[in-house]
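Peer 1: With the hints as extra help, turn the sequences into a complete structure.
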Amino acid sequence: MGQSLSQLYVHLIFGTKERYPFIDPSNSDRLHVYIAGIFKKLDSPALIINSHKDHVHSLFRLSKNMALSKVIEEVKKSSSKWMKEIHAGDDKFTWQIGYAAYSVSASKVAVVEDYIANQKEHHSIKTYKEELEGFMKKYNVLAYDENYFWQ
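All letters in the sequence shown, in the order written, are residues 292 to 442 by my numbering.
Worth flagging that the hints you see were computed from the coordinates, not collected in a lab. Do not rely on the hints blindly, as some may be mistaken.
[Unchecked claim] Derived Cβ-Cβ restraints for the label pairs, each shown as a range: (1) 415 to 441: 35 to 45 Å; (2) 328 to 355: 28 to 38 Å; (3) 385 to 360: 32 to 42 Å; (4) 417 to 294: 17 to 27 Å; (5) 355 to 398: 25 to 35 Å; (6) 358 to 294: 16 to 26 Å; (7) 315 to 356: 31 to 41 Å; (8) 417 to 356: 29 to 39 Å; (9) 368 to 299: 43 to 53 Å; (10) 294 to 439: 33 to 43 Å; (11) 432 to 358: 33 to 43 Å; (12) 309 to 372: 14 to 24 Å.
Here a beta-carbon is modelled for each residue, glycine too, at the ideal position from N, C-alpha and C.
Peer 2: Shown next as structure tokens:
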């Protein structure tokens, strides 16, 4: 009998549309727990989730049975619906259309976990846009088009 093995770690980052600061301390912990539940349901367990006022970072292990785009689609769709419910009557909430997802070597998981855990400190120095553009340079992302990504 054959066996398929996979251990793919993904650092996922996505923000609110127009970088509106919808995520505040009163709802961030509950948002993280909710998103972790979505990842678990998709057999793609989250190792850590953290956020700042206008974006979310997640480090998760991608299921061998799921496409990355499908996992991200479900995380964003379900969490968007949940955020609209907790912001009762405010239908303006939505995530940006795009996202950034980077592969993480097993040897760097602890480094990425530490980075995600320290979002408050990072954003006392730089904005979400500056942070993400730094990642794009670091990972040599060539297809970045500012006119489309930030929609």
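Peer 1: Hint by hint, say whether it matches the structure.
Peer 2: Status of each hint after checking the structure:
no.	hint	in the structure
1	415 to 441: 35 to 45 Å	violated (22 Å)
2	328 to 355: 28 to 38 Å	violated (20 Å)
3	385 to 360: 32 to 42 Å	violated (18 Å)
4	417 to 294: 17 to 27 Å	violated (44 Å)
5	355 to 398: 25 to 35 Å	violated (20 Å)
6	358 to 294: 16 to 26 Å	holds (21 Å)
7	315 to 356: 31 to 41 Å	holds (35 Å)
8	417 to 356: 29 to 39 Å	holds (37 Å)
9	368 to 299: 43 to 53 Å	violated (22 Å)
10	294 to 439: 33 to 43 Å	holds (41 Å)
11	432 to 358: 33 to 43 Å	violated (20 Å)
12	309 to 372: 14 to 24 Å	holds (19 Å)
Hint violations for this structure: numbers 1, 2, 3, 4, 5, 9 and 11, all remaining hints satisfied.
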